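Using the sequences and the hints given, assemble the complete structure.
Protein chains in written order, with the numbering used here: chain A, 1 to 303; chain B, 1 to 262.
Some hints here could point you the wrong way.
Claimed, not checked - Covered by chain B, according to a simulated footprint, are these stretches of chain A (three or more residues, beta-carbon under 8 Å):
| no. | stretch |
| --- | --- |
| 1 | 14–26 |
| 2 | 58–66 |
| 3 | 262–268 |
Think of the hints as simulated: they come from the structure by calculation, not from any bench. Fair warning: this is a prediction, and the values are worked out from it, not measured in the lab. Heads up, the beta-carbon is just placed ideally off N, CA and C, and yes, glycines get one too.
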Amino acid sequence: MLTIRIGNLTFASPVLTASGTFGYGDEVSDLVNVDLLGGIVTKSVTLHPREGNPPPRISETQFGMLNSIGLANVGVEKFCKEKLPKFKKMDTHVFVNIAGYAIGDYVETLERIEVEDSTISGYEINVSCPNVKKGGMQFGVDPKLTEQLTRALRDKTDKVLILKLSPNVTKIEDIAQAAVAGGADMISAINTVVGMGIDIATRRPSLNTVFGGLSGPAIKPIALANVHKIYKSVSVPIIGIGGISSAKDVIEFMLAGADLVQVGTSNFINPAIGINIISELKSYCEKENIKSLHDIKGTLEYQ
Amino acid sequence: MRNELATIESNEQISSIYQQMVLSAPLIAKDCHPGQFINILPDSKWTHVMRRPMSIASQSNGKISIIYKVVGEGTSILKNLKPCDSLDIIGPLGNYWTDFDTDYPVLLAGGVGIAPILYLHDHLVIKKIPHHLIMGTRTKDEHFFKDKTNDSIVLTTDDGSYGIRGSVINALDSIVSGKNSPIRFFACGPSPMLNAVNRFATDQNINCYLALETLMACGFGICQGCAIETTNNSTISQTYRNQYALVCADGPIFDGKDIPLC
Numbered sequence: 001m002l003t004i005r006i007g008n009l010t011f012a013s014p015v016l017t018a019s020g021t022f023g024y025g026d027e028v029s030d031l032v033n034v035d036l037l038g039g040i041v042t043k044s045v046t047l048h049p050r051e052g053n054p055p056p057r058i059s060e061t062q063f064g065m066l067n068s069i070g071l072a073n074v075g076v077e078k079f080c081k082e083k084l085p086k087f088k089k090m091d092t093h094v095f096v097n098i099a100g101y102a103i104g105d106y107v108e109t110l111e112r113i114e115v116e117d118s119t120i121s122g123y124e125i126n127v128s129c130p131n132v133k134k135g136g137m138q139f140g141v142d143p144k145l146t147e148q149l150t151r152a153l154r155d156k157t158d159k160v161l162i163l164k165l166s167p168n169v170t171k172i173e174d175i176a177q178a179a180v181a182g183g184a185d186m187i188s189a190i191n192t193v194v195g196m197g198i199d200i201a202t203r204r205p206s207l208n209t210v211f212g213g214l215s216g217p218a219i220k221p222i223a224l225a226n227v228h229k230i231y232k233s234v235s236v237p238i239i240g241i242g243g244i245s246s247a248k249d250v251i252e253f254m255l256a257g258a259d260l261v262q263v264g265t266s267n268f269i270n271p272a273i274g275i276n277i278i279s280e281l282k283s284y285c286e287k288e289n290i291k292s293l294h295d296i297k298g299t300l301e302y303q
Numbered sequence: 001m002r003n004e005l006a007t008i009e010s011n012e013q014i015s016s017i018y019q020q021m022v023l024s025a026p027l028i029a030k031d032c033h034p035g036q037f038i039n040i041l042p043d044s045k046w047t048h049v050m051r052r053p054m055s056i057a058s059q060s061n062g063k064i065s066i067i068y069k070v071v072g073e074g075t076s077i078l079k080n081l082k083p084c085d086s087l088d089i090i091g092p093l094g095n096y097w098t099d100f101d102t103d104y105p106v107l108l109a110g111g112v113g114i115a116p117i118l119y120l121h122d123h124l125v126i127k128k129i130p131h132h133l134i135m136g137t138r139t140k141d142e143h144f145f146k147d148k149t150n151d152s153i154v155l156t157t158d159d160g161s162y163g164i165r166g167s168v169i170n171a172l173d174s175i176v177s178g179k180n181s182p183i184r185f186f187a188c189g190p191s192p193m194l195n196a197v198n199r200f201a202t203d204q205n206i207n208c209y210l211a212l213e214t215l216m217a218c219g220f221g222i223c224q225g226c227a228i229e230t231t232n233n234s235t236i237s238q239t240y241r242n243q244y245a246l247v248c249a250d251g252p253i254f255d256g257k258d259i260p261l262c
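Following this line, the structure appears as C-alpha cells:
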C-alpha cells in the first residue's frame, strides 16, 4: 500500500529522515527502529573533518528554527571507518549526504566512499555550500555549476544520485533541469530558507553567522511551491522536504508531485515521528481506499 | 535514553518563584545520575520545534523531579499541569558528576541551577559523603531550603535579606580556608556565577566541574546546535571537535579548565 518503487529501489514507505536531523541513524537506535523507515539520509559528510560554526548556532522562531551549524562532521575518512559499517545492520535505504567547497571536494569524498564495500543506496548532494573557487557563490544557485557538479559525480558512481536543491534561487526549475541534464536520478527539495533573527535586548543577531537556514513547519508552503515547480519542469522522481510533521503533510507533498518525502526538524520534537507518520499514512490509505499511495503523485487538481 | 510518558505526581510552588514537579518515570529514574537532564514536550499540541531541556533535581523509587521557574510559554504550560496528567519526556541525557571520594565536595548553586545540585546533594547524603552545599538566590523569599540549613548548608542572598549577603562566592572563603585537604567544586547556575566560581577555582588551584545550560534542539548530539567554545578537549567525547563541544552530548558537565574564563 505504501510501497514506492523507483528504478531498482523499493521503498517500504515514502517517509525518509532528512540530513542533519537524524545523525547517522545509530544515535537514535534506543528510541526508533530505523528499519521501519523508508530510508535515512545521513548528516552531511565533507572531505575533511569540520568543527562547525561558532555559537550560537540555533534559534527558535515561530513554527520553525534557524540554524547555522556549519556542516560540523567527522570527515569522510572517519565516516568510512566508523559510520559506514553500521549501515550494514540497517534494513532500510541509506543515502549519504555529501557537501563540499569545490567540485573536486565532492568528487573526492564520493570516490572515497565508493571504494568501500558498503550497503548504501546512493548519495544526496548538498549544493547549498559556498564554492570557494567562485568567490563563495553557492553551487545550487547557478545552473551551469549544478550541471558540472552533477556530471562530475555521475561519472564516478552507478548508485542513485540525488541533488538537494536550495529554495534561495530565482528560478528553481532551471537548477532542477541542470541537475537532470548532468545525470541526477532524483531531486530533493528544499534545503533551508535563508533567514535571520534578532535579539532586541542585546541588538545582536540570534545566530553568530547573522544569516542562517530556516526550517520547520514555517517553510512548508515554500517547500510545496518549489516541489510543484520542479514537478512541472522535470520528469525524474522528487523527494519533498520542508516542515513535514504529519501524514496530511506527506499527502500534500505527494499531490504536489513528490514521490518520497523527508522529515527533518520534527525529528527534534519526536525522533519517532517518521514512524508515526507511516502508520498514519496506512490508516489514511485504508480509510480512503487507496491501493497504492504512489498513485496520488501529482494528482493535484486545478485549471 | 528513553522516550517515556511520565505521570505527574505533584506540581507545587516551593518558594516565591520556584516550582517543583515530581514525575513517575520508572524507566528514566532507573538509569539517571546527578547532573543529567530530560528533554520535555510541554504538551501534545506544542507548536514550537524544540523540547525544553531541564535538569533532574531528584530521583527515588521510580520518580524524578524538576525544579523550574516560569519564564516563557513552556514553563507556563508546565505550571498548569495537575497530578495524574502525563508528560512526554526523553532521558536521561548527557554526562554526570563523578569522583566524590577523593576531594571534599563543595556544591554551589545559583538560582534555578539548584536543580542538579540538589540531586547531587541527595546522592552524597545517601552515600554518607560529607560535603558543603551553598545555595544563592536574589532574595529571602526565593529560598526553599531555609529550614534545612546547618553547618554544611549555607544560603546566600544578593540583597542580604537572608543568610550571607552577596553571591555564593561570598560564602566560599571561609569554607575553603578552613580545609587543609583538597576540595572540588560542583556548580550550576547563571553564566556570571559559573564564571566567578571557575575563576575562584583557577586562582586557588581547585578542581571544578560546572553544569552548563544552552538552547538545545535534539538533546543527544544529532543537531549540533548546542555548541560552546572550549579551551581544550579533555571532556569532549568526539575527537573531531576540538574548539567546540556540545552541551548535550559532551556535557552538560564540563571540567572548569576546559571552559574559557570571561
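Going down the list of hints, with the structure as the test:
{"no.": "1", "hint": "14–26", "result": "holds (count 4)"}
{"no.": "2", "hint": "58–66", "result": "holds (count 6)"}
{"no.": "3", "hint": "262–268", "result": "holds (count 4)"}
In terms of the numbered hints stated before, the structure departs from none.
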